[in-house]
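**Q** Let the sequences and hints guide you as you build the complete structure.
Protein chains: 2
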Amino acid sequence: MPKVAIAGAGLVGALNACYFAQRGWDVEVYEYRRDIRTMEHVPGRSINLALSYRGKCALEAIGLKDYIVSQGVELHARLVHNKDGKTFSRQPYGQPGERSGNESVQWTARSLQRFSLMHGFFFEHKVKSIDLEKKELIVVDEKEVEIRVKADLVVACDGAHSAVRRSLSTQTKFDYSQEYIEHGYIELNILPKNDEYALEPNVFHLWPRGHFTLIALANRNKTFTVTIFAPFSEFEKKMSTPQDVEVFFRENFPDAFELLGRNHLLNTFRTVPPQLLISVKSLLKLQCRPHHFGDFVLLTGDAAHAMVPFYGQGMNCGFEDCLVLSETLDACNDDIAKALSMYSEKRVKDAHIINDLAMYNYEELKDLVNHPSYKLRKRLDLFLNRFFPKLWIPLYSMVSFTRIPYHKVIENRKWQDGILTKIKYSTVTVTTLAALFCCVHFARQRGMLN
Amino acid sequence: MPKVAIAGAGLVGALNACYFAQRGWDVEVYEYRRDIRTMEHVPGRSINLALSYRGKCALEAIGLKDYIVSQGVELHARLVHNKDGKTFSRQPYGQPGERSGNESVQWTARSLQRFSLMHGFFFEHKVKSIDLEKKELIVVDEKEVEIRVKADLVVACDGAHSAVRRSLSTQTKFDYSQEYIEHGYIELNILPKNDEYALEPNVFHLWPRGHFTLIALANRNKTFTVTIFAPFSEFEKKMSTPQDVEVFFRENFPDAFELLGRNHLLNTFRTVPPQLLISVKSLLKLQCRPHHFGDFVLLTGDAAHAMVPFYGQGMNCGFEDCLVLSETLDACNDDIAKALSMYSEKRVKDAHIINDLAMYNYEELKDLVNHPSYKLRKRLDLFLNRFFPKLWIPLYSMVSFTRIPYHKVIENRKWQDGILTKIKYSTVTVTTLAALFCCVHFARQRGMLN
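Going line by line, the protein sequences match chains A and B.
My numbering applies: residue 1 is where the first sequence begins, and numbers increase by one.
My numbering applies: residue 1 is where the second sequence begins, and numbers increase by one.
Source of the hints: derived by calculation from the structure; they are not laboratory data.
Wrong hints could be hidden among the right ones.
DSSO-like cross-link-like pairs, simulated, lysine-lysine; straight-line CA separation at most 30 Å [to be verified]:
#1 A/LYS150 to B/LYS143
#2 A/LYS349 to B/LYS237
#3 B/LYS143 to A/LYS135
#4 B/LYS238 to A/LYS338
Since we're looking at a predicted model, the values are computed, not measured.
**A** Encoded structure:
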């Protein structure tokens, strides 16, 4: 059986390991963090992510979907919080009563690592580079000894700052771009109130305020993970002292402020001005082409397409990568060279599209959701979807609740836009013609024409 | 005096060394190639480049302009060769009789290295990375021994694949993009004919043919360096066998074909199909932001902004970098931290603009020069320039014959476009009004109105 060396045991690396183990390949995973699989308490942050249909399909193919979904909280609408702190507007993801398929899941890579395989993981082994000629993955172990791992295939899942990608990016023709977005975020928490959720759990809470926004997602332990997104300049200008932070939150998110609590808010911000921007995490948008190198290396997940978090598709797209890779290897009868080039051919354009869409969705979350034309379009989409459920799927639903390839999602959306424009112009034309007809008719009646 | 370590002794590295030596700084230059300064014959290719006003200014400031210009051939117009191989159209760079200031120069980095300083150069020393914290440039000498060079400033001039840039790109917020253009080029030569230039020497020869193009630049030794630019697909489809190459050149560039000679042409192409695309050189477009890291490292030349060669500004922009750096250090009284951030602030946007312009100019060279509207605009620009020589400078002239910052070049061009659009609409309005007036006058005369 062929041997695959996987760089990185994060969510995508661990899922890839599951797939290759199921395939019967010889699997080795190299990860620089230590082994958290048997630990009682995992140090560091867990990640709160929305699991949508693409991610679920990828988990289902290896029998993990139900377990992971059972850890999540279902989401079936957006709830927009107005500035008065008292009124809301609800924007359902789908038709009434329909399960949306979006879940808010709080987990760590451990859940997947435990399922993939207990041997074959090499923790505290830092991936260094690739020797494309000798077909070796070069890693450094915990004693700083360099090890050269022979393999038939390397799958790089070592994240946005991928060492594999960096070591190869100058060796071949490789288009690449990374862009730090001038917006950052800080994470906060809302604790349970009388042992119950302090806010409605099954919705995506949103406080859109023009050029900045706050969101909240429920966790199974009845807490909410709350995130504020804003330009760095806004953090600097409006949130650099405890007084400023309090005023800012009271003014813009009065209801959230009450639930977060003044102490927690101010502690989290650690309000010494020069340090503020260190605690603000930055956003990165990263794209490359191709995703493979020769017949030996494939980039998946953030290593290939780190995106801003505004469509909740970063992990889902990474999970779908694993599924697409598996499907492609099936289609090519495990011919690695053929599969890698076919995978790149297919996946690069999809990754570029969702990457751009994620950036665009920030506009929606910050501002657009409040615009009448946006709301009208949402309602129109849902209305048309009720009558043509297969033909007319709203953009958000195509991305989150189907496996339509991302580039086809955009093609469909353009087709929908074209139809709506035609309808608009036809309506204008018909109305104008009708008005003209009435005028003529009226003039005739009065004997002004004959 | 502060110490500067320069990575790379190419054209930009050697010029930077001249500037810092003149400034009285302690200068060390690290270069992985061997020392060519005292060699009779320099192995490898010399480079044929157009030296324009920006480059000349940078050379003048250290007293090198006259020497380098004396090695060049002046260019004062484009000469467009038509497909019949017999007719031409001439597009002067400036007003008749005016010196354009563009020179075709064939040289190597040696010319500058010889002038900069004879000691302080460390050849066969490969730059590896930067230690930003300890302020060290890490190099590997010819015996593979690692040396850590302490310095007050590192100026990276180590080209498009800069090791300095790579070692820092993941450490800080750094926007970066590299894109391989799907077009490549092959270089050819036209030898002297009876000891004389085989073509007119003082013009830029151009054979624009839609999606591919041929150019020729004179050298002092009476040869011409000829370059064909085309999409890789065109090389593959139309130039993969000797027969194909001959047919292609005879059909598209009949006059150039005669002068190049069949043997030279076919030998250069080395016509085994699978190897063809290896001999075709590829084009890279590279941008980043910022150009500096902390108060220690500055990227200049191709390390900061490798561009496609279609505006002949790659070297000129790199040379101007040296001059701008020197001017900025002057303005900041050698305060390195202040100078680096001021340099980035100023230079990044200029580098982005010329990078995009260089890409756009390919369209001109391939095709636009043949379009009537393009020719009309060129004539109109020259006409207006004759009457308003300071106010109305054509785009090409602003880029090539002035030191107007590239971003201001674009602002001026937009202003010019705005004026021309207004003139166009005013002309239409005046003409329409005049026509109306005539109609009314005519109707009155005939007694149709009273």
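**Q** Each hint: holds or not?
**A** Hints, one by one, checked against the model:
For a cut-off of 30 Å, the pair hint linking A/LYS150 to B/LYS143 stands: about 29 Å separates their Cα positions. Taking the CA atoms of A/LYS349 and B/LYS237, the gap is near 25 Å; set against the 30 Å cutoff, the hint holds. A C-alpha spacing of about 27 Å is found between B/LYS143 and A/LYS135, which places the hinted pair at or below 30 Å, so the restraint holds. At roughly 27 Å between alpha-carbon atoms, B/LYS238 and A/LYS338 fall within 30 Å of each other, so this suggested pair holds.
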